[in-house]
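Chains as they are written, first to last, in our numbering: chain A, 1 to 292; chain B, 1 to 173; chain C, 1 to 404.
If you're looking for bench data, these hints aren't it; they were derived computationally from the structure.
There's no promise every hint is true.
Said to hold, decoys possible - Here's a subset of chain B near chain A, in silico, CB distances under 10 Å, partners left out:
hint: 1; residue: 60
hint: 2; residue: 61
hint: 3; residue: 74
hint: 4; residue: 80
hint: 5; residue: 138
hint: 6; residue: 148
hint: 7; residue: 151
Glycine included, C-beta positions come from ideal geometry on N, C-alpha and C.
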Amino acid sequence: MTTLTEAAEAEHADPAVPRFYRVVSRREDTYDTVTMELAAQADPLPLFAPGQFSMLTAFGIGEVPISLSGLGSSGGDGGGPAALRLQHTVRAVGAVTRSLCAVRPGQLIGVRGPFGTGWDLASAIGHDLLIIAGGIGLAPLRPVLLAALEDRSRYGRLVLLVGARSPADLLYPDELEAWRERGVEVAVTVDRPGEGWQGNVGVVTSLLEPAAPGANQTTAFICGPEIMMRYAAQALIALEVPTQRIQVSLERTMRCGAGWCGHCQLGPLLLCRDGPVVTYDRASELMRIREL
Amino acid sequence: MTAQMQTRVAAHPFLAALAPPQRELLAEDAWPVLFAAGERVFAEGAAAERFWLIETGSVALDIWVPGRGQQTVETLSAGTVLGWSWLYPPHRWHFGAQARDDVEAIAFDAAAVRRRCEADPAFGYAILRCFTPVIIERLQATRLRMLDLYASPDEAADTDARRAESPQSEGTR
Amino acid sequence: MQQGSNPGVVTVCAPEPVVIGVDALPALFSALRAWGYTVVGPTVRDGAIVLSELESAAELPYGWGVETEAGQYRVRRRSDTAAFGHSAGPQSWKNFLHPPRARMWSADRTADAVTVSGAGEQPRYALLGVRPCDVRAIGVLDRVLSHGQHADAVYSGRRDGAFVIAVECTEPGATCFCASMGCGPDAQSGYDLALTELVDGDDHRFVARSGTEAGARLLAQLPQRPADDATVHKAQAAVKRAATEMGRAMPEVDLPRLMTESRESPHWDDVASRCLTCGNCTMVCPTCFCTATEDVTDLTGDHAERWSVWDSCFSLDFTGMHGGEVRVSGQSRYRQWISHKLGTWHEQFGSSGCVGCGRCIVWCPVGIDITQEAAALAALRPPSVLDAAGGETADAEAVGIKED
Chain A
1 MTTLTEAAEA EHADPAVPRF YRVVSRREDT YDTVTMELAA QADPLPLFAP
51 GQFSMLTAFG IGEVPISLSG LGSSGGDGGG PAALRLQHTV RAVGAVTRSL
101 CAVRPGQLIG VRGPFGTGWD LASAIGHDLL IIAGGIGLAP LRPVLLAALE
151 DRSRYGRLVL LVGARSPADL LYPDELEAWR ERGVEVAVTV DRPGEGWQGN
201 VGVVTSLLEP AAPGANQTTA FICGPEIMMR YAAQALIALE VPTQRIQVSL
251 ERTMRCGAGW CGHCQLGPLL LCRDGPVVTY DRASELMRIR EL
Chain B
1 MTAQMQTRVA AHPFLAALAP PQRELLAEDA WPVLFAAGER VFAEGAAAER
51 FWLIETGSVA LDIWVPGRGQ QTVETLSAGT VLGWSWLYPP HRWHFGAQAR
101 DDVEAIAFDA AAVRRRCEAD PAFGYAILRC FTPVIIERLQ ATRLRMLDLY
151 ASPDEAADTD ARRAESPQSE GTR
Chain C
1 MQQGSNPGVV TVCAPEPVVI GVDALPALFS ALRAWGYTVV GPTVRDGAIV
51 LSELESAAEL PYGWGVETEA GQYRVRRRSD TAAFGHSAGP QSWKNFLHPP
101 RARMWSADRT ADAVTVSGAG EQPRYALLGV RPCDVRAIGV LDRVLSHGQH
151 ADAVYSGRRD GAFVIAVECT EPGATCFCAS MGCGPDAQSG YDLALTELVD
201 GDDHRFVARS GTEAGARLLA QLPQRPADDA TVHKAQAAVK RAATEMGRAM
251 PEVDLPRLMT ESRESPHWDD VASRCLTCGN CTMVCPTCFC TATEDVTDLT
301 GDHAERWSVW DSCFSLDFTG MHGGEVRVSG QSRYRQWISH KLGTWHEQFG
351 SSGCVGCGRC IVWCPVGIDI TQEAAALAAL RPPSVLDAAG GETADAEAVG
401 IKED
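Chain A extracted, bound-state conformation (with noise of 0.2 Å):
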């Protein structure tokens, strides 16, 4: 017979329940993305490693993937392994992100995983780091960035190059300055120049040369939409980065997280499973084929 502890232990553990935080906080990055903080209630999930994502629902509207952005003010160290805090920068383009996006304080937001690969930071230990992000892929960096930075000494530069549609789609202005400020080597660049843009005008990959990441000393990181990925790894493989340390996140539609519902898949990977962080070795063939 099945007890009712057994019963309710085994649904504590079914991936497909999700597990209800409760907001502390919510900050408007940008006209159309907000980053949150949430608070484990009961039973917090198991502790994210950057670069792997939660499915997030909005209650009685959807789920919809959305990477972890941070661990929070008191998740990470001492939290144990759970994740008693996470971050998640969200940007409202659907109907669930846009109910995510206007989230209140002291609300319930459903979520589960943690699901997928993270960012292979050990890879990079004794390296130098190069970290390039396009729009809202700096989110999925924002963590790993922040752990490297925890961990300082492991690694060569760290360089942080940032591509933006515009000076007001920028995300986290106010920590860029700060990572700049904690020896960072941050390059931004933007699009479309505003009224009183000083910085960089062009694409991301235009910072590269300036940077000048030694070809056998760099393990990169990329996140963005999938086309600057592409560039942005050539252009890493013109300047002879190998191609397995060159790491994507990749993105498809996802309606589970945990390897069942078939959506996610780009060829022999279940993006949900074998990414979204890819290295590039395996990901250049199927980024190049059309409709894969």
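We have chain A already, so just place chains B and C on it with the hints.
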């Protein structure tokens, strides 16, 4: 002066594909320049009589748009070349250029370089082999920017009604 | 405690086969129902042999067979009274183990909390008359939905509670090709009980062998006699003969490699000119598992549920992302289906996704035949690739992207 100029020309990555004798020839038409932050390097429509290799600092390419003012179209950093309107007639600048910070550069006498190219097609071809990759790269970068990849799907140029409102249409970033 | 079969556990006993008469089937039903199972098996309805919850053995399709061809399915009267003398119908066992609609959870919201309850207890089915190809298909689904990093609660609950009675195949259909997929016509594992049906006039009987402890206990409750050598040999010969009578065969090539190398084949245009992208093949396929989710609420907005519903890689919005779909063309959607089924499934889940049941051929409204499409792709492989079979041709190009 010439020896020092030759060292600087040889050190610049833009000319890495040139043979040493070709670089030495080119250095004869070169001289060092400094631009202070905010100084105009050249103005849109003016005669294109020079080009520059940027050694330090960066330069903004700009254009005056009536009603919108001075618009920066692209910024160029150390290690690249500034100016190619001198290569072909009418030898006039299509955009303007302004130093964004203090710039050290090597300036070249465009007419003199053109004369060398015409007199020595092998030299001319070598020079074009330095310029064309940069031109291609900037063309590709421009095309990518035209795609407006970071745009919200609502704003993307050819979003159609079918895709406008669907819970399927959301993702991790 | 459950009497389910576990494909991960190797049966230690080597059970002696026994013979049970057709008149033992009511006892089989009684025993299963006494154990708490709902029996699911074949029956004739609406001009087809469908899978349905059965009250009694009398509902089995005695004396019915089927005729199949690409895009065709007809029931026909048999000259004998065989209960399992038919090949695959429009449904498969996934309809019961991985239902078309299933509630994943429900939740109630109060002012300060949300209470969630999961999928809950699942029905316990005894699956009667599972063809060896379909036994293999259940094993395929096990790897996808139960044995990965995360287990699907609905499927795993139903699967763990299921009792599988396989019936070996002695009369394959014109669209069957399980032998060439290595998935039949004999049942090798993955069942609690395996039967082989023999009909000689009025002598209608089954050679039965158990595959699990639970199967042995069930068998012990049925009227039976020891199987004599002649009967066992007759049953084995019938199954062996069936292997030679398959109406179709998958070409003998390295299918995963063929699919990888055919990604840019001109043949996709040809298939797409016929394919309606209706998704029938994915609905009838015993291993197609893709689902979408639907969130619903009641009128108060404080009670919400999430339902899992079958989806198909042939539907346009299957790959919908912000901004648009990835697989827009019919070419790419058919390519995804067949490449996944025969190719990338191996990398993802360690086996082929195709078991050779032939349903996709039968139920395709335009008669597209997976074996013929695979053969056409194989025929179009450039000779250099054929020469280099087993060598290393594809890797050299996979490194860089060259484009304008």
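Here is how each hint holds up against the structure:
1. Because the smallest distance between the Cβ of residue 60 of chain B and any Cβ of chain A comes to about 7 Å, under 10 Å, the interface hint for this residue holds.
2. Annotation: residue 61 of chain B was flagged as interfacial toward chain A, and the flag holds, the nearest CB pair being 8 Å apart, inside 10 Å.
3. Satisfaction of the interface hint for residue 74 of chain B is found here, the shortest Cβ-Cβ separation to chain A being roughly 5 Å, below the 10 Å cut-off.
4. The beta carbon of residue 80 of chain B comes within 7 Å of a beta carbon in chain A, closer than 10 Å, and the hint placing it at the interface holds.
5. Taken as an interface hint, residue 138 of chain B checks out: its beta carbon lies about 8 Å from the nearest beta carbon of chain A, inside 10 Å.
6. Below 10 Å, beta-carbon pairs count as interface contacts, and residue 148 of chain B has one with chain A at about 7 Å; its hint therefore holds.
7. With 10 Å as the threshold, the beta carbon of residue 151 of chain B comes within range of chain A, its nearest partner Cβ sitting at about 6 Å, so the hint holds.
Consistency with the previously given hints is maintained throughout, with no hint failing.
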